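Starting from the structure of chain A, add chains B and C where the hints point.
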Amino acid sequence: MKKVYCDVSKCLGCRSCEIACAVEHSKSKTLFLAIKEEPLPINRRKVQAVDEIIISNACHHCEEAPCISACMSGAMYKAPDGSTQHDEEKCVGCWMCIMVCPFAAISRQTKLALKCDLCKDRTEGPVCVISCPTKSLVIKEVQK
Amino acid sequence: MNYVIIGASAAGISAIESIRETDKNGKITIVSDEDYPIYSRCLLSYYLAGTISEEKLKYRDDDFYKKNNVNAILGKKVELVLPDKKVKLSDSTIVPFDKLLIATGSRSKTEKIPGVQLEGVLGLRNIEDAKKIEVRLDKTKTAVMLGGGLIGLRAAYALHKRGVKVTVVVKSKHVLSQILDEEGASFIQKEMEKQGIKILTGLSATEIVGNKDVNGVVLENGEKIDCEIVVIGKGVQANTELVKGTDIKTERGIIVDDELKTTVSDIYSAGDVAQTSDLITGEKTINALWPNAVIQGKIAGLNMAGKNIKYDGSLAMNSVEFFGLPTISYGITKPKGEGYEFIVKKKYKKFVLKNNKIVGFVLVGDIDNAGVYGSLLRKKIDISSVKNKLLENNFNFAKILPLIKEHKDKFFEKEYDEVFAEQINAVKR
Amino acid sequence: MNNEKSADSSVKETLCVACDRNISTVFDRFEAMQPECGFGQLGVCCRNCVMGPCRIGPFGEGAKEGICGANADTIAARNLVRMIAGGAAAHSDHGRDVAHTLLATSEGKTEGYAIKGKEKLFDLAKELNIKTENRKIEEIAHDVAEKCFAEFGQQYGELQFTKRAPKKRQEIWRKNKLTPRGIDREVVEIMHRTHIGVDNDYENLIQQGMRASLSDGWGGSMIATDLQDILFGSPTPVRSVSNLGVLKEDEVNIIVHGHEPTLSDVIVTASQDKELLELAKSYGAKGINLAGICCTANEILMRRGIPIAGNFLQQELAIITGAVEVFITDVQCVMPSLGKIAGCFHTKVVSTSPKAKFPGVEHIEFSEEEALPIAKKIVRLAIENYKNRKKELVNIPKEKMELIAGFTSEYVFKMLGGKYRATYRPLNDAIISGRLRGAVGIVGCNNPKVKHDWAHIELTKELIKNDVLVVTTGCSAIASAKAGLLLPEAAKKYAGKGLQEICEAVGCPPVLHMGSCVDISRILTTLCNVITEGGLGEDISDLPVAAAAPEWMSEKAVSIGFYAVVSGIYTVLGLPLPVMGGKNLTEYLTNDIENTVGGKFAFEPDPLKAAKLIIEHLNKKRELLKLKPMMYIK
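Residue numbers (this note's numbering), protein chains in the order written: chain A, 1 to 144; chain B, 145 to 573; chain C, 574 to 1207.
Looking at chain A on its own, in the form it has when it is part of the complex (with noise of 0.2 Å):
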């Protein structure tokens, strides 16, 4: 499975990652547009900071995934990849997977979980690699 590994050292905090996240996942697909939505896009990654360290922190798919254990009407799965999506059809919002989330990635958005699903629709790949000024989000292959 491909996924998307942060680089801290490089990271800037620019939050570029997160407006390319947010009009990736939006109905209109470009900035201008997104930005009038309603609802509003919302980005899965997001850009956190302690002292002098800068991540961008979004699910990481976890081989283990603790969200797929709990959540309690199967919305979280792995997908065939590895990846870990999430069915929205059938989240009913019990926030059972924020409960158990170590690295916090799911959002709570009024009556849906939110994550990162690696961009799954888009046939280039995760946009928020693409968008980083500085390389710092890299999309490489796990290693076993």
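In case anyone wonders, no lab produced these hints; they're calculated from the structure. Careful: at least some of the hints might be erroneous.
[Stated by the list, open to error] Computed beta-carbon distance windows for the label pairs: (1) Phe603(C) to Lys2(A): 33 to 41 Å; (2) Lys2(A) to Lys928(C): 53 to 61 Å; (3) Cys641(C) to Asp51(A): 34 to 42 Å; (4) Lys554(B) to Lys964(C): 46 to 54 Å; (5) Lys554(B) to Gln143(A): 18 to 26 Å; (6) Lys120(A) to Val761(C): 49 to 57 Å; (7) Gly509(B) to Glu89(A): 26 to 34 Å; (8) Leu40(A) to Glu957(C): 42 to 50 Å.
Note that the structure is a prediction, hence the values are computed from the model and not measured. Glycine included, each C-beta is placed from N, C-alpha and C at the ideal position.
Just chains B and C now, kept in the frame of chain A:
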């Protein structure tokens, strides 16, 4: 290898998946007393509220058993576990096994008061209960919930959404007294009352009255509440009857070790029926929660298939949302005895600490970082260096990066390593 | 929980109150903004045209030039000199307003002003070649004001006050084309040069930035200071008090915040009006209590002894005490959050400048022509609001510290020599003999990136401990005031032996409060007088002096930093200029620039390390001047 699994809910289904992950060819038989597709009983209150359709109760596809090559015996109950590796079904069929997993779950406790056998007095434990309640809704104006725990409140919320006038009768001083402190519970209570759900605390029901059909509940103070439905949410009781007379040790549930083995070899137990170690206290206890059952089932399955995975214990953890107010309680939220420290923020976050380690917390409203706090709790990390940051609005995952660095041995999961992989681009070059 | 945010305990107290009432302050907004964008911090984000916005990656990945081809040094230099333009414009526009007020007053068109600083008027007239014999004060003032006004629109030549600088310094400026030609012109040229496709050479850009900064320091700011002294009187030492504890529970509290004493001085007069005092008493108040925040506070402190409620980061906290009836604002450093915060209390925020309006804030436009009536109207508004104060919401911290302020370049003469032998000689001698190592100006703002007031206080203490005389202005002065450093007693507590002796002999504190940020021009004038007195070299860059802004945040500070450096003064900043992404530019500003102008920047966040850098610099200058070794501390 001949695997037999009793019970087709969280633990049982999870075990099937983890067995098949390891052993593609072994024979798996599952026995369930419910003749119904694989469904999540946690979703019943959502179904009852009308939020989801019956179809959405299912959390695995209809061809799950077929795809996983499982022989499913549905609609039959296992009466007894027999010596020499056999189980006896309710229709007297004998099913032999090499490895057995008892995942029979639990049932609603009943109230031992007069009238509890009247029509319209129900639990909300399985799809049958839910359908019985649903059928009565047309002729129901008022409903009374006995019990202020999660089931009572969830049922109350569901029926309120269906337009029924609801009163909740709670024996304790406040609702959710098992999992929340008074202040945390007050937010939920206030919101529910604001929305029109009546909550009576410090009271018990002494009698349920009616003429074949329930028409009211009498409380210990003499007050009578007219109603057409009574839902009993007084907790659950493990279904351990089937091991009577065997060497399988039970207490409140079936006692298991850290590999989910019972006291009889080749027999495992998982889920609401199993009494495992509590991750924080170390005592043998049942934390009857969906995620615990899933993980226990998974580990039991792996171990039945020959592995030796250790289960580090279960935790009490609950997430619930009523009227837009999400609440999470985790670990020990109402400690008894000495040596505990509390840090509290209004509206509302509360941490229970012992020796500078989080042993429990309650979050109302802002639940975003529950999983991060939970990881600190499970890994028993000394949080002195971030103690003053826990309550801040801007707390997030990044704030524990220094702790992750410091305690590499405790944050052993692969994904934590990846956070600090600065050599990513060095490798790339 | 809030301990780390400030060295001032009144802040912690008030922040707790804010927290309890869910009022977010600058400190909360700062946390919520983290992490800040690294491109911005490094100065390598350019938004000057819409081919961009462009960013240059500092790690060698991604774009190495902007779309037009500008490299990191060019982009950082353009951004930096635009900051100088912003800062210089603020100071200079303030000076323009004062010149206007003086002009209008001299023509009898204003109400509430007088020409109080007659001595200064005559001195300035002489300097500007304006006839004074047999002329009315108003006529002289008129000509002085007009001549100063003319500096703003001047196109060619040299700004008048650059001639105060030592000859050598003027030569350095002329040689390097740094002498400012006209106040507005230099700012306009920055805006032109930083437009896309104009000046792309970072050294050339900085040269214009330097020239513009001089048009502030030796232009707009100096005009502001001197004309303010003419209108409101030259400050002389005055006793007062500082910190939020100056607010009174039983009086009508009025806060004035901003920068122009053309407003605040008149408010002082209005607040002392007998009729209004009676009105206040009729509402049950014991009196009218006026206090200031930021530079306008310093202006009315220096001349009228009005107490100071706090500095930049405390402006919201003043409202949160719940004890302020009216909070008057004019221009600069006023946070737009004030309106919202005041909404949680009975406090009325009133804006007065047509240039500075805020959403949700009442605007009572101020004009010099009707200054006093308008000021009285505002004071009356405060008195009427006194009854709306909610006792249960009042939390006035007890912190209150006495201070002495009011030192000017003119006063130093009198202070050191006495009335009849006004002279700088004792000061120069003290430095030459080794009793004083030198002098340092510690100035500038607060910034939540630095623990509030902490860096100012630590640096000040460390320097005076090492026999360095400290002069201070602006929010830094307020920080020192609150910490008790503006008292003669502080010399015994914190100063080295040499400085102690001087303070005892003269009767002054070891830290001299010289006024507001535009009053940094007083420091420049003082240095000129020191050179003139003799024995300490021929140029400002010869002097054992330095400047420091340990907690700066504004563009004004960038302009000040530059005019200090370009005047030959070693300047240490507690936060770096946002240029580090341009490596050559950074090297130039912290090193090579010294070869041209005799001064340079250093960036050092640790106040003790900054003190060390400064002391080393002072020692180096002492050596070059072949001065006697230090008497007490080596």
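Hint check results:
| no. | hint | result |
| --- | --- | --- |
| 1 | Phe603(C) to Lys2(A): 33 to 41 Å | holds, 38 Å |
| 2 | Lys2(A) to Lys928(C): 53 to 61 Å | holds, 56 Å |
| 3 | Cys641(C) to Asp51(A): 34 to 42 Å | holds, 36 Å |
| 4 | Lys554(B) to Lys964(C): 46 to 54 Å | holds, 53 Å |
| 5 | Lys554(B) to Gln143(A): 18 to 26 Å | holds, 21 Å |
| 6 | Lys120(A) to Val761(C): 49 to 57 Å | holds, 54 Å |
| 7 | Gly509(B) to Glu89(A): 26 to 34 Å | holds, 27 Å |
| 8 | Leu40(A) to Glu957(C): 42 to 50 Å | holds, 44 Å |
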